[in-house]
Amino acid sequence: MSLVMPAPDSRVLDRRAAIVAALCAIVPGEGVIDEPRRLKVYESDGLTAYRQPPMVVVLPETVEQVSAVLAYCHAHGIRVVPRGAGTSLSGGALPLVDAVLLGMAKFNRILSVDYADRVAVVQPGVTNLAVTEAVSPRGFYYAPDPSSQIACTIGGNVAENSGGVHCLKYGLTTNNVLALQVVLIDGTVLRLGGGHLDAAGLDLVGLMVGSEGLLGVVTEVTVRILPRPETARALLIGFATVEGAGQCVADVIGAGIVPAGMEMMDRPAIHAAEAFVHAGYPLDVEALLIVELDGPAAECDHLVGEIAAIATRNGATTCRAAADEAERMRFWAGRKAAFPAVGRLAPDYYCMDGTIPRRRLPEVLARMRVLSEDYGLGVANVFHAGDGNLHPLILYDANRPGELARAEAFGADILRLCVEVGGVLTGEHGVGVEKRELMPVMFAAADLDQQLRVKAAFDPPSLLNPGKMFPLLHRCAEQGRVHIHGGALPHPDLPRF
Amino acid sequence: MQPRDEGDVAEAIAQARAAGTRLELRGGGSKADIGRATGCAVLDLSALIGVVDYDPAELVLTVRPGTPLAEVEALVASQGQMLAFEPFDHGPIFGRPAGAATIGGVIAAGVSGSRRLTAGGVRDHLLGLHGVNGRGETFVAGAKVVKNVTGYDLPKLACGSWGRLLAMTEVTLKVLPRGRTSASIAVEGLDPAAACAAMAAVLGSAADVQAAAHRPAGEGPALTVVRLEGFGPSVAARTATVAALWHDLAPRSLDEARADRFWQDLRDLAPLGQGTLWRINTPPSAGPAVVAALNPARWLFDWAGGLTWLTADDACAVRAAAEAAGGHAMLVRGGAALRQATPALHPLAPQVAALEARVRAAFDPDGVFDTGRFTHAD
Ligand SMILES: Cc1cc2nc3c(=O)[nH]c(=O)nc-3n(C[C@H](O)[C@H](O)[C@H](O)COP(=O)(O)OP(=O)(O)OC[C@H]3O[C@@H](n4cnc5c(N)ncnc54)[C@H](O)[C@@H]3O)c2cc1C
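Here the protein sequences line up with chains A and B, keeping their order.
If you read the first sequence in UniProt numbering, its first letter stands for residue 1, the second for the next number, and so on.
If you read the second sequence in UniProt numbering, its first letter stands for residue 1, the second for the next number, and so on.
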């Protein structure tokens, strides 16, 4: 592994056997895993380029056990990495060689559903889709819908503030969570928020969501559920230029329409998807939009007409409204298969996740093409066009020496470009280990210091998920008062520990 | 002290820190009568005004926090957009004209109106900020795009912080298209429980209402009202859905003037008169229990019952009723003696309070903003 992680604590490693025994006493039975063969299962998450088996895995079943495990680790200075389903694309759940991996998979129960108040109380190991499945017989669903929803857990969603194709209209995780039960590193169990809107004091629920497992372990989540819209309609719109597609998106929003989903693909992504699933995508276009509307049939019909007119005004070369549900699903099939489809073009691909102001899209794509030539690596783009969240997929072959490093450098350049045009490093996948060294591109030292102080308010010894989100160099800087100015790293050529 | 720019703000806070004095942050002063009098120096942020950037197609607006709320709302309305959380001006609640409220004050006080039920609150629309912490250091949090998960979501902490963490010097908000048409449908004569059940039935349907509120009998009969916004054909179809759901309750559409008055009354709280005023957040179905426990002379439900405004003088009883209902109660308006004795913000569970105190210290280690105006633990 080329990645630099916090230096292992030899005092912890030396006591491994005692630690395993202590954990077995807290979580009896099958709850502790320490055989190397079985630890390997946990060695990476969705960012598979990085692997590191943990020192030991513990799978608690009760809040009391979580609290006791954390209190024990706190008392003995042992690092802890929380984990849901391990689908993080930023290495958020990457283990450490000297850390306890705290797997939340056994917290897999839906505790209650209240249809009058439209909330469900669930344990963090419940998958995202299972929440929707539990409430769908009554015509409800849980709105945030990451593509990984069959596998990823609500706890992981809370930690990453995950989104999905419908989040322009229905919000990210943070907009759909009312309350949390959280265990702090010292074992303190807290209830934050409630079944009501808005906190009595500071919005600590809002702070916890998106905190990437660095502030506390989530043991219970209260989410809002929504009644399913009556109908959904989709349009498939092709453009000869990216500019045309971008202007169409801006004009749809300008016309006061907030579609349920608005997805864009560039030429390489369109071709890959079409070859893979035969969705009926036009191949002679530079950009393809899928616009989905939901609500009463009368609303969808009205807006399909409006959007078709806007598309035509912006020079759409094709514009089709799905005639029926089967065709709507076909429109989506290509988009939903875009990642695996692109995956067929090269042995490996690397998925990026920046957000840009939408108006800068043509320029960003043009500069990405230049970078693609410079690095000698292909790139295909899928784009949550409504909210400016760009997913460039970089194609590479990990078996060719140096190509992974080149793909990572290319990815970092794309994210720098996103920040340069006024955007951000990550729209929904989180910083994790992947983007932590880029944080100074977006935040000055004072900004990061403020975030680190908040971290210290929750976890003074910094035992929870260390090595994630913050640049390791910066963490040293906190202690040694080295300053990073204007986002520029001093001595960029020196190794960082 | 009236700083002109971020540099002045930082200097004023750094000086207060060095001198060991405390600062009360103020925008337009429309909420100056909330909380107890502290005698602390006021840092007046109302000169930090102006629009920094507004691109309607990006759904993003960046303004300085002293900009009057009315100006911000007029600006976005001119582009057919809105602040979807429906902020309002506290002036009329304190018997003063509207107009003083600033956007920074709205954010710091977490002021969301009726549409908060379905569109989210201030917390769901503040994307980023520039601010000065209690150390007198300027910093940036969040960003200027609608979708961002880079780093901790510190803007969430600013919403409803009541000036206890930082002084905002620039804020970036998500804006949304304003519904082209609106309809309000009412039923008369429901008791609190029946009203909440009727509102829950609509919210659990595909009618996609934006707001739901209830006003008990007073000058007229009790009125339970839902508001639908959107494109004409959509509002017409959803109105029919509500009418069908409420078939047995004899629903009728309010004409525009009556509808406007109903929602305006809910913002100004005119029907509540001038007594000691509380704002109680609970699960929607628990609203009737709060009313039953306190039997207040005057009250209103917003947020389908999840927000109860009421007048009552017994602070202990109000707080107990709110807690029993799974919620919390804020003292919004009251006599000076009551406000001196009763913290405006609902006291937190001890361990949550301890964490909150550590988070506050992370922004403000020397307590420059700990004026004790809103909580008495300081
Ligand atoms: C094919 C694929 C498609 C994806 N599509 C999307 C998408 O559309 N949108 C999107 O936003 N993301 C997407 N993701 C990313 C990923 O699925 C999400 O980030 C998801 O929320 C991670 O959930 P998880 O249960 O797998 O968490 P993990 O990967 O196990 O952990 C993620 C982070 O959460 C922390 N964590 C987990 N559980 C807890 C807990 N109980 N308490 C505290 N911290 C905890 C971990 O420490 C880690 O930092 C995709 C991933 C894949 C592989």
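It is worth saying that the hints were derived from the structure and are not from the lab.
Treat the hints with care, as some may be off.
To be verified - Cβ-to-Cβ under 10 Å is the rule here; a few derived chain B residues that face chain A:
(1) ARG17
(2) GLU137
(3) VAL145
(4) ALA292
(5) ALA353
Unchecked claim - Reference listing, derived: stretches of chain A covered by chain B, where coverage requires no fewer than 3 residues with Cβ under 8 Å from a Cβ of chain B:
(6) 194 to 200
(7) 292 to 304
(8) 347 to 360
(9) 418 to 427
(10) 455 to 464
Values in this document were obtained by computation on a predicted structure and should not be read as measured data.
In this text, a Cβ means the ideal position worked out from N, Cα and C, and glycines have one as well.
Against the structure, the hints come out as follows:
Here the hint on B/ARG17 is broken, as its CB sits about 15 Å from the closest CB of chain A, past 10 Å. Proximity of B/GLU137 to chain A holds as hinted, the smallest CB-CB distance being about 5 Å (cut-off 10 Å). For B/VAL145, the interface hint holds, since its Cβ comes within 10 Å of a Cβ in chain A; the closest pair sits about 5 Å apart. This hint is violated: B/ALA292 has a C-beta 17 Å from the nearest C-beta of chain A, more than the 10 Å allowed.
At a threshold of 10 Å, the smallest CB-CB gap from B/ALA353 to chain A is about 7 Å, leaving the interface hint in force. Check on the region 194 to 200 of chain A: 7 of its residues sit with their Cβ under 8 Å from a Cβ of chain B, so the three-residue criterion for coverage holds. For the region 292 to 304 of chain A, the stated coverage by chain B is satisfied: 8 residues place a CB nearer than 8 Å to a CB of that chain, which reaches the threshold of 3. Check on the region 347 to 360 of chain A: 5 of its residues sit with their Cβ under 8 Å from a Cβ of chain B, so the three-residue criterion for coverage holds.
Residue count for the region 418 to 427 of chain A with a Cβ under 8 Å from a Cβ of chain B: 6. That meets the three needed, and the coverage hint holds. Beta-carbon proximity to chain B at under 8 Å applies to 4 residues in the region 455 to 464 of chain A; the threshold of 3 is reached and the given coverage holds.
When held up to the earlier numbered hints, the structure conflicts with 1, 4 and fits the remainder.
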